[in-house]
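Novice: These are the residues of each chain, in order.
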Amino acid sequence: MRYGMVIDLLRCVGCYGCQLSCKAEHGTPPGVFFARVQKQEIGTYPNVRLLFLPLLCFHCENPPCVDVCPTGASHQREGGIVDIAKDKCVGCRACMMACPYGARYYNEDHREYFPGQGYTPYEEHQYQEQNTGVVMKCNFCIHRVTEGLDPACVANCAARARTFGDLDDPDSEVARLIRERGGTPLHPELGTNPSVYYLPP
Amino acid sequence: MTQAVAVKFLGFLEKLTGQREITLPIEEPATVLDLLNLLSERFGPRFSTSLFRAPEELHTYVRIFVNEEEVESLNRPLTFQNGLPQVAVFLMPAMTGGSGFHG
Amino acid sequence: MAEPAARSGPGTKDCWIPSACGMCYGTCSILGHRVNGTLVKIEGNPKSAYGMGRLCAKGASGIMTLYDPNRVNVPLRRTNPKKGLGIDPGWKEISWEEALSEIAERLRKVRQDDPRKLFIQRTTTNTSARIPIQVFAWAFGTPNHWVAGGGLHCGNGAHLVGGIFHASWSLVPDFKYCNYTIYFGASKGHGAGHASCTNIQLAAEARERGMKLVVVDPMCNFASAKASQWVPIRVGTDGALALAMANVIVNEMGVYDAPYLKQCTNAPYLVGPEKTYVRDAESRKPLVWDGTRRKAVPYDDPEMGDFALEGTFEVNGVSCRPAFAALREHLKQFTPSWAAEISTVSEKTIREMAQEFATEARVGSTIVIEGKTYPYRPAAAIYFRGSEGHVNSVYNCYAIGLLNHLVGAADVVGGALGFNPVCHGHPETGRPHYVPKPGPDGLMVTGTWLSPHLPYPFADPSMPEAMGLQELFPLGMVSPFTASRDQEEMWQRFQLPYRPEAMINYGCNSVMSVGNKDTVIETLLKIPFIVSFDIYHTEFTEFADIVLPDTSYLEHLDSRPNPFILNLHAGLGEWCWPIKQPVVPPTGERRSTFDVLIELADRIGIREETNLAFNSYLKLEAPYRLESNKKYAYEEICDRDLKTLFGEKRGLEWFKKEGLISWKKKPEEVYWRYEVPVRIPIYWEFLKPLGEKAGTIARAHGMEWDDTFYDPLPTWKPCPSHECHDSQYDLYGFYYRDTLHTNSFTMENPWLDEAARIDPFSYTIAMNKETGLKKGLRDGEQVWVESEKGRKVRGKLHLTEAMHPEGLGFGGCAGHWSKKLPVAQGKGVFFNELLEIDFEHSSPVNLNLDLCVKVRVYR
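Chains as they are written, first to last, in the numbering used here: chain E, 1 to 201; chain U, 1 to 103; chain X, 1 to 859.
In isolation and in its complexed conformation, chain E is listed as follows (with noise of 0.2 Å):
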């Protein structure tokens, strides 16, 4: 069992609805954003295209932010699923050195959305959950995971270009997908082995 993530970039309309149905379903601070969409611009006037490329943490096989974590905190899951224990976690920040593809985020503070205004009652109910001075990042909403539920930004994709499974599992969807659409990782050149593959625009 190992759960991974297809996002099919010929479906992906860079809606930004994953962006942001992870951070109203993680209520995490400003500037940390779990699931995020990059804009990038392939070839020169006329011939030219915008990529949407939608990015979060990749949950390597071989993390090189679980092997540098000092405390144990980083660490992986059942499943593959790179997990923070937020409780262990110092806020050394080494993982986030480590990570190569910028998935990690510090939590120095619990900033308010609306700067000098307080919490929302949102926010307020939120950061009950979390902790400050610790790393954040995406951890494939294992709490909905375990509920039979996809995480967040898979069930919420109006294009329907994510697909959440198990990728060990050669009748699964993401398995197909990959197999039948030529499915490849982002960098897969550094050896960390991500378990989200990506379908060619």
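Rather than coming from a laboratory, the hints here were simulated on the basis of the structure. Some clues are possibly wrong.
Below, computed lysine-lysine pairings styled on DSS-like, alpha-carbon distance capped at 30 Å [said to hold, decoys possible]:
id, chain 1, residue 1, chain 2, residue 2
1, X, LYS176, E, LYS39
2, X, LYS275, X, LYS13
3, U, LYS15, X, LYS285
4, U, LYS15, X, LYS109
5, X, LYS688, X, LYS285
6, X, LYS827, E, LYS39
7, X, LYS664, X, LYS631
8, E, LYS39, X, LYS275
9, X, LYS619, U, LYS15
10, X, LYS13, E, LYS86
Given the coordinates of chain E, work out where chains U and X should sit on it, guided by the hints.
Specialist: For chains U and X alone, kept in the frame of chain E given last:
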């Protein structure tokens, strides 16, 4: 036989006719169209052009109610058995677009 | 993976409440997750056809709009009588009772004097506001009701032509079956607009299936980014391209769908030398030539043999020919080389597009769906804001729409589809039920519409009585004269017998949404009393006398947030009727505007009118019809609406729990074109007499009038920007809709603002990279953009390859300056500041404002 009908002018018609409610005599049998023609004679061309886009054809924004029920056909007869028919003439112009909502 | 497991419904401490999104007019269905009274998540409702369980960035971010500490929470009255840009109104808190009695008294006096002196404006964003506000306007007796920038910018042409050609508000390709689509300044299925989230999914499936999408657009983003082919075009010239394509299709290729043109259009109607129909002397019906019997007969002659589409005939002593022959001849002037010169799209590309479109349409082919054979035309030409937002608005949409009609690809399998113009109703109640019907000259009248001002038939032009002078422009809906530079001049010219004395605003920021702020502000300063229902203090609110705290979309109720012709996806699938209900109760003193309007109507003394108007608009049936003398809460009206539509058991209580009702669309509802005996005009004969009558009135009042915009056949007319020949103004400024934002309202949402600040385009001014480098400009620097009229805005430059060399693109309607919108303030660029608002910059047919402007850019 001469009967009576009560007419209310709603929306902008109240301003246009200078009245909210009138009762007027009408010869039986009479249809809604007969009544509107009668009103047109009484209130003049300004009233008439506010109602009719062509003879016997109302603008799409004109609504007629008889005893609070909206009238679909101008040929609907006015009935007098159950007392004075209450007719309401209502302009519902809509100068709005966009998505009407929106975009 | 699995769909969400059973979640508890309304009424529990941890519950999911079905409702409707209000972050744009797309109004996708949502589930609000409320825990101990706090909204903690908004997700799409997977049971609904509106969004199919998915939301865009805006929809997912609604929590931050709900909980914005900058919201208006109490009624306010200004203490400073002086109004002006940047002048503090000196707001003082007042009670609701104080506010309502003051407003009612002012409005009662205005109404006694002349009800037309009340001017109502509302936002396009919240679809729920349409009915209660329209009802209030009718009951009051004012025709002066507009949606400010909405309509003037996006709808006068697109929705008008959508109504005339498809009996629907908008059109999309039949994503399920279409193989070749051309978008002309449209982005349907790419993150914004009508049926937004559902169309994203349908478009993604079409893309995966291999539908070729060609996007004609000055900028390569959104739809063009996903297109099979991006065709960069000079801003505002789409109509020329479409006309040349039509010429290639019918004259060079000789392709057209004759059976369609004969049965479903006015192509066979005989047209005389005066460009008008040759009519039957007795019935006045337009005549057609029966090729079998070799004589002219009325178009609906039951003995009809074969309609002639070509040839010249002598009828009633005049020489005449079928409308199609006239169109075909007319199109010959629009050669690809002519269009290439205007549009910068090469002759080769124009021919290729025309050839591919006509070939892919497979004229003559059929397909079997659910056991029944339908015409199959898997090609579609789709227009929207980019092509329609110009003085040539009507002809641009007409020309693009013609491409579909020439090859018979309209409301048939695979073609261009209107949004649900035919509905046979729920199987148990038969409601709602509407079908287009034949009107004057057999031409199509919509079966349903969003306002009583139908796209066809038109009233005869007459002396205007509305502030927008729409009586003189029967094809126009929203009019610039409501807030234009030449407003007073026009009112005097046409002897408008009154001036606005009171204004009600519902959530609209017209200071930013129409055009340049100075012109709009000048018109607002003339209105002595302004009431604004708002969730925020916007740039508009600064000019109000009383501000009332409105509920957001997450705090109010509505039984019909989604009319089918507006937001339900086109094509096969499900009918779906959701409600909107509060996912949290309103905090503070916020009240639903819909109830406040009913209360005001009551205090003004127009209860009877209000109730009859609700009965009429909602088509309430006994026993659910409102009694004229009884006062109703909006909730009760919603209950009666739902029971009329879906039966006694399915009232508001049922819908609050279930959220929505769905049933299957029938193929004959979706592919209705040959099932309904209506014709659409490929030749707009009605335009000429309208133009003549309007022109007579206009000229009699000293106004210059250009008859050439009222010719029955489309042509290309330049935008004012194309007629600026001062070489220092070398770029065409235009704005486009950013997927992260809706109108001017979402920049205050800190999540969306944060995403937009990272996005390379949202808040920047996009310029072709080579163009910028030639000017010595650098990516990321602050620049001035100045119109030929000397209006200026400043913003951050983004040099990009994804832009036509002459284009300058601005994201949405940003650049707020209100200090009471601390998140939005200073973000992005206020493009509309560059737009003139006057007749010179408007369509003389449908009054659409021209939205492109010639500019220069400097440091």
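Novice: Hints first: check each against the structure and report whether it holds.
Specialist: Status of each hint after checking the structure:
As the CA atoms of X:LYS176 and E:LYS39 are separated by approximately 28 Å, the hinted pair is consistent with the 30 Å bound. Our distance criterion of 30 Å between C-alpha atoms is broken by X:LYS275 and X:LYS13, whose separation comes to about 69 Å. For the hint pairing U:LYS15 with X:LYS285, the CA-to-CA distance comes to about 38 Å; that exceeds 30 Å, so the pair is violated. At roughly 13 Å between alpha-carbon atoms, U:LYS15 and X:LYS109 fall within 30 Å of each other, so this suggested pair holds.
Restraint check for X:LYS688 and X:LYS285: satisfied, since their Cα atoms lie roughly 17 Å apart, inside the 30 Å limit. With a C-alpha separation of about 20 Å, the suggested pairing of X:LYS827 with E:LYS39 holds against the 30 Å cut-off. Between X:LYS664 and X:LYS631, the direct Cα distance comes to roughly 37 Å. Violation of the 30 Å bound is thereby established for this hinted pair. Using a Cα cut-off of 30 Å, the hinted pair E:LYS39 and X:LYS275 is violated, with the two alpha carbons roughly 52 Å apart.
Note on X:LYS619 and U:LYS15: the hinted pairing holds, with a Cα-Cα distance of about 26 Å set against a maximum of 30 Å. Taken as a hint, the X:LYS13 and E:LYS86 pair is honoured in the structure, with Cα atoms around 28 Å apart against an allowance of 30 Å.
Going through the hint list in order, the structure does not satisfy hints 2, 3, 7, 8.
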